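> Place chain B on chain A using the hints.
Heads up: the sequence lines are chains A and B, in that order.
Just so we're aligned, residue 1 is where the first sequence starts under this note's numbering, counting upward by one.
Just so we're aligned, residue 1 is where the second sequence starts under this note's numbering, counting upward by one.
Hints may be right or wrong, so weigh each one.
Stated by the list, open to error - Mimicking EDC-like on lysine to aspartate or glutamate, the simulated pairs with C-alpha atoms at most 20 Å apart in a straight line are:
| hint | chain 1 | residue 1 | chain 2 | residue 2 |
| --- | --- | --- | --- | --- |
| 1 | A | K198 | A | E68 |
| 2 | A | K198 | A | D180 |
| 3 | B | K395 | B | E298 |
| 4 | A | K181 | A | D334 |
| 5 | A | K140 | B | E298 |
| 6 | A | K173 | A | D107 |
| 7 | A | K181 | A | E267 |
| 8 | B | K384 | A | D107 |
| 9 | B | K384 | A | D334 |
Said to hold, decoys possible - Only some residues are given here: those of chain A computed to face chain B with a beta carbon under 10 Å:
| hint | residue |
| --- | --- |
| 10 | N27 |
| 11 | A29 |
| 12 | T30 |
| 13 | G54 |
| 14 | V61 |
| 15 | D159 |
| 16 | A294 |
| 17 | E295 |
| 18 | D297 |
Bear in mind the hints are in silico, worked out from the structure with no lab data behind them.
Please read all numbers here as calculations on a predicted model, not as lab measurements.
Cβ atoms here follow ideal geometry from the backbone N, Cα and C, with glycine treated the same way.
Single-letter residue listing:
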Amino acid sequence: MSELADYDDLLTRYEPALGLEVHVELNTATKMFCGCANEFGGEPNTHTCPVCLGLPGSLPVINGKAVESAIRIGLALNCSIASWCRMARKNYFYPDMTKNFQTSQYDEPIAFDGYVDLDVDGETYRVEVERAHMEEDAGKATHVGGSGRITGADYSLIDYNRAGVPLIEIVTKPILGTGDKAPQVARAYVAHLRELVKALGVSDARMEQGSLRCDANISLAPIGADRLGTRTETKNVNSLRSVETAISYEMTRQAAILDDGGRIKQETRHFHEADGTTSPGRSKEEAEDYRYFAEPDLMPIAPSAEWVEELRATLPEPPAERRRRLQAAWGFSDIDFGAIVNSGALTLVEETVAAGATPAAARKWWVTELARRANEAGVEIDALDITPAQVAGVQALVDEGRVNDKLARQVIDGVLAGEGEPAEVVEKRGLAVVSDTGALSAAVDDVIAKNPDVAAKIRDGKVAAAGALIGQVMKAMRGQADAARVRELILEKLA
Amino acid sequence: MDDLIRLSVAELGRRMAAGELTSEELTRACLARIEALNPTLNVFLHVDAEGALAAARAVDARRAAGEELGPLAGVPIGVKDNYCTTDMPTTCGSRMLQGWVPPYDATVVKRLREAGLVIVGKTNMDEFAMGSSTETSFYGPTRNPWDTDRIPGGSGGGSAAAVASFMVPLAVGSDTGGSIRQPGAVTGTVGVKPTYGGVSRYGLVAMASSLDQPGPCTRSTEDAALLQAVIGGYDFHDSASLDVPVPDLVAAAQADDLSGVRIGVVTEFQGEGYEPGVLERFAEAVELLRAAGAEIFEVSCPAFTYALPAYYLIQPAELSSNLARFDGMRYGLRAGDDGTHSAEQVMNLSREEGFGREAKRRIIIGTYALSAGYYDAYYGSAQKVRTLIQADFTKAFETVDVLISPTTPTVAFRIGERMSDPMSMYLADLCTIPSNMAGNASASFPCGLSDGLPVGLQVMAPPMADERLYRVGGVLERALESAWGHPLLNELPTIDTQAVTA
Chain A
1 MSELADYDDL LTRYEPALGL EVHVELNTAT KMFCGCANEF GGEPNTHTCP
51 VCLGLPGSLP VINGKAVESA IRIGLALNCS IASWCRMARK NYFYPDMTKN
101 FQTSQYDEPI AFDGYVDLDV DGETYRVEVE RAHMEEDAGK ATHVGGSGRI
151 TGADYSLIDY NRAGVPLIEI VTKPILGTGD KAPQVARAYV AHLRELVKAL
201 GVSDARMEQG SLRCDANISL APIGADRLGT RTETKNVNSL RSVETAISYE
251 MTRQAAILDD GGRIKQETRH FHEADGTTSP GRSKEEAEDY RYFAEPDLMP
301 IAPSAEWVEE LRATLPEPPA ERRRRLQAAW GFSDIDFGAI VNSGALTLVE
351 ETVAAGATPA AARKWWVTEL ARRANEAGVE IDALDITPAQ VAGVQALVDE
401 GRVNDKLARQ VIDGVLAGEG EPAEVVEKRG LAVVSDTGAL SAAVDDVIAK
451 NPDVAAKIRD GKVAAAGALI GQVMKAMRGQ ADAARVRELI LEKLA
Chain B
1 MDDLIRLSVA ELGRRMAAGE LTSEELTRAC LARIEALNPT LNVFLHVDAE
51 GALAAARAVD ARRAAGEELG PLAGVPIGVK DNYCTTDMPT TCGSRMLQGW
101 VPPYDATVVK RLREAGLVIV GKTNMDEFAM GSSTETSFYG PTRNPWDTDR
151 IPGGSGGGSA AAVASFMVPL AVGSDTGGSI RQPGAVTGTV GVKPTYGGVS
201 RYGLVAMASS LDQPGPCTRS TEDAALLQAV IGGYDFHDSA SLDVPVPDLV
251 AAAQADDLSG VRIGVVTEFQ GEGYEPGVLE RFAEAVELLR AAGAEIFEVS
301 CPAFTYALPA YYLIQPAELS SNLARFDGMR YGLRAGDDGT HSAEQVMNLS
351 REEGFGREAK RRIIIGTYAL SAGYYDAYYG SAQKVRTLIQ ADFTKAFETV
401 DVLISPTTPT VAFRIGERMS DPMSMYLADL CTIPSNMAGN ASASFPCGLS
451 DGLPVGLQVM APPMADERLY RVGGVLERAL ESAWGHPLLN ELPTIDTQAV
501 TA
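Pulled out of the complex, with its shape left as it was, chain A reads as follows (with noise of 0.2 Å):
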């Protein structure tokens, strides 16, 4: 059996499923039940107190804020607002679970039965959002000693900071008819939320730092089966390409099993971000129980229709208008637009054009530069460390003709590396282009004199000569010649 299928083959057997189970960590002051700061990092175990820590005898009390906040989410997902619903206690043991159950909601969640449409290569994908519900997140463990996992560790630290962290749990139904861009609609999927939560300042979204994570429900069935296929669950892909790879790499591992006559185990599995594979975590043969029962320590949330409406009044743009209004203004195709929606950088292009830049500047830095530094330091796009308003920058130095594009790659560099604002990088990196014509006249005499047959050949009227004599002045000026100018030097000298 080989081990993995072909990708483009598969598809004229199977049709995938797919599931994808979003957390977003709320960006609120304070925990979910306490009055503890919800701060990332901080030393181990600082923002804690008996009620995350889970002592004896401490109880909950729900943070409004995060309730509001599901409440945008859920509506800025077109789901419906329940009325009434409560918390459920969700018990399963996690060694870094104070309480051994975690308070989250099971069949009364706070928003349920919405949509999302996604553009994807020119087509819409509708996928339908099953619910959107409110729990806590667990602390942190390091396991030390042994393969890193628990079993077989010498030993355990685990930090509490986490502990009780408000997310919102966004689940959609199974997603049906994507075919071969299966991996590309959930991906899309994925930078729609990311974006949405961000419009909505709910969250940071920071997949990086796990503010925004995603597991990944993939099946394959039979095309034309009238039932799903086994599924496994990708736990945690942790960036948007993750989840464009987890899937595409699933769908060609579930394939081979399928062609050879095998099973799919249901399990979770876990990705690795280094090869793009995945490997088998927990097996979900025996289903977990997890007792679930109204929460007996918290009152029941109802949420008043005026108080959603209020909240509904504060959505920002929807995402299809925002499109719509920005593809017309800036007057890109269906596939450039989309993949800035995709390399998660809408935002950041239209503050971009916002501080001055034209669109296509903007989407050229974001979209190929920046994004493949950001794959490179493998962190999300808007975790790098420049500002719209510095790549803005950028561009109006290349438009001033102060740099060149290759020099202008060098000054983000210099940004990125924390060496000042554009102008500043140009100056303590010495990037200026060079159009001051005497030293370019000693240049060009200098290679005129070192080449006398080329020369030669462009007095003879061979002007497509000259490129061969540019080169060598341009690597002589250290690539901060203008090069136009040093074209018409020569032709001048050599007229």
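This is chain B only, laid out in the frame that chain A set:
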């Protein structure tokens, strides 16, 4: 000295305010009494004599400096060992928490300290409040001061016995299915379960969250009202806490008649299974209430018949979840951590050694009742019964102001008598459970003796109508005392510190 410890709380407060008595003197008297009787009765699991005397002296100093203090400032109190206290261990009567000193004070404890009460120690209880006899405590049973061969009720037997034996004038308990009222009944003391949400649960180690309610254990109705006034009221830290004005409970306890009060006698809580002595004392009390001006009705609450089985599904279900945190990893007992056992084995060994039989029994019942496939049949059905019980109360309170019944079907049983028969043990809370299921207010008041052992009368009032308990209880208390010529506890036999049988 002997007179001092028998005074009512109101009287003790008056004397301290008048400068006739210091808190230190009173605290010393209580500590001496505890020292004399505790080896026999096993009421206190922990006594903090130094801390108590320091707190007493602090109150005396404030009073001497002319500070205006509340009516309970300087009064010693015992606290059930399931309240978190920063200066004393909180064990919940379990080996699992032996020696555990919490890093925070329960709201009730905080309010006691703020009001200047002197916490002398932590009282014995059934393990994690599971039981009706205080026999499931890992630290041994508490004995009933009326007869040391008998149980003091449960789970708050320690708090009730502390008050009944004059070790302290006041104690606090917690009532999940009757754990304040049932011990109150069998020790001849007053036990109040306020309306659910009336007293904060924050820092009370949870047994069954939707049923647990802190409340007072005292020797008189007025004492209970004074104590509830201190510990009750809204608390941000308990989301079930009621943010409503609390009526004047002390004034209600001082009311002198019951004219216009309509009292319903619950027909389901009499007859077969009730000891004749209990029913006789109850009937006599009903006549006294009638004589005090109350109108008496028979009221049927048919769903109460199913309260006990429904309770024994809901309570273990919540408990199984609440006790899941005791895994030997972060606090309390850790067993088998000798480098030869895995983390999972250490958890199993800690639970095996840390929890007693009753705790294990209920954890298993609760886990089963919540499990997939059984949820609807057990937990779901029990919740429906709960709704029916609430409906019975609502309907009853349309026609009467309060409902009454015996608090317990029998007087205190003998230590060991029911330990091997959980079902017979559970029957001790038969009459008290409906109030927890409905979240309303109820209390037990002493109404006489049967064969030399106390009998209790239960009063049940609608949610947030706690003052009705105090009005009925206060009038009944004065009527009985004038009939007997003294409070019931004056008949407490001298406690024979030699006569304890193992």
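> Compare the structure with each hint and give your call.
These are the hints, each one checked on the structure:
no., hint, in the structure
1, A:K198 with A:E68, "15 Å, holds"
2, A:K198 with A:D180, "29 Å, violated"
3, B:K395 with B:E298, "13 Å, holds"
4, A:K181 with A:D334, "16 Å, holds"
5, A:K140 with B:E298, "60 Å, violated"
6, A:K173 with A:D107, "15 Å, holds"
7, A:K181 with A:E267, "24 Å, violated"
8, B:K384 with A:D107, "18 Å, holds"
9, B:K384 with A:D334, "56 Å, violated"
10, N27, "23 Å, violated"
11, A29, "16 Å, violated"
12, T30, "13 Å, violated"
13, G54, "5 Å, holds"
14, V61, "5 Å, holds"
15, D159, "13 Å, violated"
16, A294, "9 Å, holds"
17, E295, "8 Å, holds"
18, D297, "5 Å, holds"
Of the numbered hints listed earlier, those contradicted by the structure are 2, 5, 7, 9, 10, 11, 12 and 15.
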